[in-house]
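*Asks:* Build out the structure end to end from the sequences listed, making use of the hints.
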Amino acid sequence: MRSRTLLFGFAALATLVAWQRPFREYPGLEYNNFPLPPDYREKTEWVFARLMYPQGSGGGFRGFRNRGDWREGNSMWTQDYPRADRHFSGAIRRLTRLHVRSTEQPVNLDDGDDVYNWPWLYAVQTGQWRLTDAQAARLREYLLRGGFFMCDDFWGEAQWRVFMESMQRVFPDRPVVNIPESDPVLQTVYDLHDRYQVPGARYLSTGVTYKCDACPAYWRGIYDDKGRLMVAMSVNSDLGDSWEWADDPRYDEKFSALGIRIGVNYVVYAMTH
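Letter by letter, the sequence shown follows residues 944 to 1216 in the numbering used here.
You may find that some hints are simply not true.
[Unchecked claim] Pair by pair, the computed Cβ-Cβ distance ranges are: (1) 978 <-> 1080: 34 to 40 Å; (2) 973 <-> 1042: 45 to 51 Å; (3) 1036 <-> 1157: 36 to 42 Å; (4) 1167 <-> 1133: 42 to 48 Å; (5) 966 <-> 1075: 23 to 29 Å; (6) 1073 <-> 1190: 32 to 38 Å.
It is worth saying that the hints were derived from the structure and are not from the lab.
Beta carbons: idealized from backbone N, C-alpha and C, even for Gly.
*Replies:* Here it is as structure tokens:
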């Protein structure tokens, strides 16, 4: 019976890879012409899938206001992209047995059924997103089918309200709760019971870990009917920057170590639950 299960799993994986859209790249807010590794088109078991989304009107990056088409990049969803994605993908390669592509994949919820081909999905700056009703419905279906969504780097009550305006249309009937210490996601690979705020890039010049006053770090989530974590929120922390700056000696190792461990746990949990 076990061999049948394994054969079915390999067949399902082969089907998943066959239907994935090929690698694509967009201009980012911070990086352009980032060097491509030679194996960037490799067909693999896991890929860093980054959610593309429309930006709301109430925010920007260092004063930036997106007046272009978010579907063409250079929008809030591209913050830290692609440097954070590729650093984290390299960490997953080293720290797990997953077969990992060296490059990320931007995923648009409007691209038909494409999102269902990526079991783990990440979004940054979700305190500045604004999903359409159709996108919210597609994200809900993706999660209920077994997908996992990690959202990161949104700070303070104002950004929380913006985030929840879209998330409540994704799941109007499911509560957001603090992830309990007993949850398997905190123990899947690493013991994550000693968590702390992970700072963004401004820490490099200021030594300050927070972006707003009275903004402690929260680890929140949304669960399905069977108790599976579907949405993992790192509120008032910036794990993306901990991946992006992991190779910079000015950024304390303890922050990147925690950010990578949290990400590893989320990825392995997503692939096994």
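*Asks:* Could you run down the list of hints and mark each one as holding or not?
*Replies:* Against the structure, the hints:
1. Separation of residue 978 from residue 1080 is about 38 Å and conforms to the stated range, judged on CB atoms against 34 to 40 Å.
2. For the pair residue 973 and residue 1042, the supplied restraint of 45 to 51 Å is violated, since their beta-carbon distance comes to about 29 Å.
3. Separated by about 38 Å at the C-beta atoms, residue 1036 and residue 1157 satisfy the suggested range of 36 to 42 Å.
4. Taking the beta carbon of each, residue 1167 and residue 1133 are about 24 Å apart, not inside 42 to 48 Å as hinted.
5. Range check, residue 966 to residue 1075: Cβ separation about 26 Å, and the 23 to 29 Å hint holds.
6. Hint check: residue 1073 to residue 1190, Cβ distance near 33 Å, so the stated range 32 to 38 Å holds.
The structure does not agree with the numbered hints 2 and 4 stated previously, though it agrees with the rest.
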